[in-house]
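Read off the chains here:
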Amino acid sequence: MFNHQTNKRENIISLANTLRVKVGSNLHDTLMESIYRDAEIIASRSVALKGEKSRFNFDRTLDKIVTSRLLGFPLMFLLLAIVFWITISGANVPSEFIASILIDKLHPILKEFAVSINSPNWLSGVLLDGAYLSMAWVVSVMLPPMAIFFPMFTLLEDFGYLPRVAFNFDNLYRKAGAHGKQALTMTMGFGCNAAGIVATRIIDSPRERLIAIITNNFSLCNGRWPTQILIATIFIGGAVPSYLAGIASAGAVVFIAVLGIFLSLVLSWVLSRTVLRGQASAFSLELPPYRPPRILHTLYTSLIDRTVFVLWRAIVFAIPAGIVIWLVANINIDELSLAEHFINWSNPLGILIGLNGVILLAYIIAIPANEIVVPTVLMLTVLTTKLSGIGAGVGVMFELDSVADTAQILQAGGWTLLTGINLMLFSLIHNPCSTTIYTIYKETGSVKWSMVSTFLPIVMGFAICFFVAQIWRLIAS
Amino acid sequence: MTEINKCETCPVHNLGNLKRLGINMEQFDYVVALAGNPNTGKSTVFNNLTGLRQHTGNWPGKTVTRAEGGFSYNDKKYKLIDLPGTYSLLSTSVDEEIARDFILFGQPDVTVIVVDATRLERNLNLVLQVLEITDRAVVCLNLIDEAKRHNLTIDERTLARELGIPVVPTAARQGEGIQELVRNISEVASGNIKCKPHRITSSSREVKNAVEKLSENIAEEFPGLPNTRWVALRLLEGDQKIVDAVKNGEINSLIQNQNVSNNVMSEF
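One line per chain: the protein sequences are D and U, in this order.
Using the numbering used here, you'd call the opening residue of the first sequence number 1 and step up by one each time.
Using the numbering used here, you'd call the opening residue of the second sequence number 1001 and step up by one each time.
No lab work stands behind these hints: they were computed from the structure.
Where a beta carbon is used, it is the ideal one built from N, C-alpha and C, also for glycine.
Everything hinted at is true.
If you want a taste of the chain U side facing chain D, the calculated C-beta under 7 Å gives, among others:
#1 1120
#2 1152
#3 1159
#4 1204
#5 1207
#6 1210
#7 1217
#8 1235
#9 1237
In isolation and in its complexed conformation, chain D is listed as follows (with noise of 0.2 Å):
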């Protein structure tokens, strides 16, 4: 019964054989052409256009503008700039806002209530001073800045400006051996890198496809915004005269994304000239038309669809690297806490490529989020620079309440505008978050491409900080 069966089936596949060759090969073409001339017919019969195309040629026109060899990058670096001007200054005062009531007024609360209560001081150190204060610090810096952010870029999604934006990067790609749609994938990945290695899905080929998520990790993203712009506020905008320093600042955010975009190019290059040689394969990339963004729709969604969901990311990564920190501070071996000892043991390396210990203890801190690398820095530096009256004790994770008084601890714990523009660089070019590596092992189902993109930026890191460090210490002796 069931070799009778599997014979007929066999039968069915060789009289297909043998039909195909009589048909001849060009059966495939046949077919296309007959459906493409059925829908013309079609189309043909029932639709009838009355009066001009106008709507087309507006679209072409300013598709024109938008995608020209000539204006096409600069009016697009000059929205990115105006997107974060935007997003830049007008975060600062609900920043400031949440803070003073998250921070100021409800932390002292909790901590009279927890003495109220007689728990014991380690407990209301990990819970309050620890886990509390670093959500408390991520909710008040993230919040504004992406809520903000978030509906701009929605907005230009809606409007149709991304596949614009990835047509110019196409040819950029292409000759750097990616996939052309990586240009979107890494637009993605200004907003959320682990978003941006999800998105990497529309690209078929595999090769093109790692290449892809390994240098994703180069748009700047969500998480390392704002370590970028309180870094360039206060030692890009603090090294020039005052009334230059909004412009220099933003501008210096400005150069660390392109140098991303820039690198991811590279990188590109790199790995498509060495590990994942291949040709670049062709897509087409159909330019939709503009449409007119809804604007309450895209408020709505992209608040609680973006923002929303990577809030609560950072705040259930931050609150135990908050109690981490508070632990590392706290506990003591032969008189020097956990921190302390690392920090002092790591301090050469750091000198040496123009950072230092505490910034290396933080980022290792920080690796489940970006996000609270500012904060952990300004509590290590604290610590181990002994200064008294700031904070509130040892291994507290707080934000001060001006950019001077952070810029005076930054300073009394050695810092240098060196160091200042190499925690930017290193800020761009260093391991993906936690996050983001598991997405890439999700993704990839590799634990070698995960290893590579997660090693492969620090090294980069690395290096590229050294030679800057060299390359300044030579040029100011």
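Got chain D; can you put chain U on it based on the hints?
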């Protein structure tokens, strides 16, 4: 009392009966697939029907995973699957395969093909290919508002007659036409509307004969298979996936699945 009953059986009354179920769809009566070219608004239609908030954006290729959701209408529950956007079902990229395999092996009760009214001719290529596979389909003529702005008028009745399936003009971003779409989906699913889909006519007589001969053999070996003609065409083209499906009998699942959905129906 009888007056009220009459009212409830009237389709106009039922238009208000769309219930968005989000992702709650443990039990459902019908499976509905959403297919279409990239960037025609499939995800927007999906969100409109299910009340979910799949991310939508004005760029092609945004839906990378298969999204599922549910809605209920007139006491029937529908499971809706948002397929990745594709230009055709013939070539071999991953997303085209996902879409084709689902329409073929997932055997949806209704396939909704979302088309961009401003680019009808190119979108019809996909519609015609879907109609080769399944005969229970509804065309959602989306972005009809944009077509109007472009001074395009589309005679949806002519289009429906030519294609042999219902055509519903919609402007999903504004939520226009969604009720009418739901009504047509339910009519096709329940069998109240019988589709007589347009089939591609091959100009070559040799192809015609070969397809006929092959599909006779296939019908003999797999009685009850709904789309023998399409399977025959794929075999003629040497589509390895379909060759394998015939060899190991997986193609039979096309018939069994139909029975399953019939059983589900009879439970209610």
